[in-house]
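Going line by line, the protein sequences match chains V and H.
Residue numbering for the first sequence follows the numbering used here, beginning at 1 and increasing consecutively.
Residue numbering for the second sequence follows the numbering used here, beginning at 1 and increasing consecutively.
It is possible that some hints are incorrect.
Simulated crosslink set (DMTMM-like; lysine to aspartate or glutamate; CA at most 25 Å straight-line) [to be verified]:
| hint | chain 1 | residue 1 | chain 2 | residue 2 |
| --- | --- | --- | --- | --- |
| 1 | V | LYS182 | V | GLU210 |
| 2 | V | LYS61 | V | GLU38 |
| 3 | H | LYS39 | H | ASP27 |
| 4 | V | LYS182 | H | GLU60 |
| 5 | H | LYS78 | H | ASP159 |
| 6 | H | LYS39 | V | GLU38 |
| 7 | V | LYS61 | H | ASP137 |
| 8 | H | LYS76 | H | GLU60 |
| 9 | V | LYS85 | V | ASP132 |
FYI, nobody ran anything at the bench for these hints, they're computed from the structure.
The lines below spell out each chain.
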Amino acid sequence: MKKSILALCALTLAAGLAACGGGKSNYTVGGTVTNLQEGPLVLVTNGMELAIQPQRDSAGKVLLTTNYAFPNQLEYGEAYNVTLKQIGTDSAGNAVYQQPPHQICGPLNISGNITSDTAGRLASINIAFGCDYASHSIGGTITGLAADGLVLNNGGVILRVAKNEAGAYPGTFVFGSNVTYKQTYGVTVLEQPAGQTCSVANGTGEMGDEDITSIRVTCVTNPA
Amino acid sequence: MIRSPLRAGIALACALSLSACGGGDGDVYVGGTVLGVTKAGLVLTNNGGDDLAVPAGAVEFFFNTRVETDAGYDVKVKAVPPNVDGIENCVVSRGSGRAVFTITSVRVTCQIRTHALTGNIIGLNGATGLVLVNGTDRQTITPTGTDPQAFSMAPVTEDLPYGVTVLAQPAGRQCTVENATGTMGASDIGNVIVRCA
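With the sequences and hints as input, model every part of the structure.
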């Protein structure tokens, strides 16, 4: 009789403890990546490295959200810090991370999205990352410009070319808006400078992985 | 009748708290953000009055009259800028609610009118591979066998510049664009000519 009471006590205690811990002592570090178009996105934490490829539907189309989970679970109380894989530091001492091809990814800047914490503080570990195709500037050289008024256009984005601080007409130009990877650009002369005619060479293309600096604007003075 | 300083104090406190609650002009600002307002003409109302003219280029607005704490606010569009087709093209979201603290969450999005950008290709001669672009708008031209062959770029927002260029030449031919660039006015542009030889 006494024995069975003890057993009951032990069972109650065990059940009670399990309830306290939510019945769980191991935690999977995982989450989502939004808009990952091409892999791999490499995330690291606790000595693990996870190469994430975009998830696709049955037709092969990339899904808006890709789920990920690190292979090894963490113990209750173990600290984690999920980041992209660091591949070096820049000249200013900031970390440089390995990015997936043509894209820039990072933790989503939304409230409650915590990349570094202790396992067990939250019921589950769900860290959201997001990606966008990278964008690069377009520009090039200007030769022969000798008057005010030149306005260049890239599909509705304009660039007014004026004298620089030294009082000279610039020999190079860069549009203020970048062009996203795989998007097209096409530079035209919207307004000619006074008394001159400018033409654009090499002004159309599809954005790759580098800034475009090869657009050539050549201006000649109109015959009198 | 007891002339007590305490009673006077209570009366004063009452009066102060009443005025704090807002006699007349309230104390809660109502406003938010606007998108797509490039010309003057947008007029917003709150609770059917307090007309607010939103200037060209504005990104945010606040009504001149504040509302009383806990009073309702209801933002509506009364008039739209001249480059927007009708009141239904300036849409208010999160436009009504109860004003508890400064309201900045009202959003008014105006859709500026667009116009067609079209033209003709001369001398394509059945060649494939011609790709025309206007900035990020890309149009691959499939030969129809007619000469000249009409083509359309994506519609362009009124008052914005456009510039049609050749991204890829058709097989064995060289095309140049005439009347390639300009600024979209109040009507369609149809005079772009792509001449291939």
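We went through each hint and held it up to the structure:
1. For a cut-off of 25 Å, the pair hint linking LYS182/V to GLU210/V stands: about 11 Å separates their Cα positions.
2. Of the supplied pair hints, the one linking LYS61/V and GLU38/V holds, its CA atoms being roughly 11 Å apart against a limit of 25 Å.
3. Restraint check for LYS39/H and ASP27/H: the C-alpha separation of about 30 Å exceeds 25 Å, so the hint is violated.
4. Between LYS182/V and GLU60/H the alpha-carbon distance is near 33 Å, which puts this suggested pair outside the 25 Å criterion.
5. Pair hint LYS78/H plus ASP159/H holds up; C-alpha atoms about 23 Å apart against a cutoff of 25 Å.
6. Distance check on the hinted pair: LYS39/H and GLU38/V sit about 41 Å apart at the alpha-carbon level, beyond 25 Å; violated.
7. With a C-alpha separation of about 22 Å, the suggested pair LYS61/V and ASP137/H falls inside the 25 Å cut-off, and the hint holds.
8. The hinted pair formed by LYS76/H and GLU60/H meets the criterion: a straight-line CA distance of about 15 Å does not exceed 25 Å.
9. Note on LYS85/V and ASP132/V: the hinted pairing holds, with a Cα-Cα distance of about 17 Å set against a maximum of 25 Å.
When each numbered hint is compared with the structure, violations occur for hints 3, 4 and 6.
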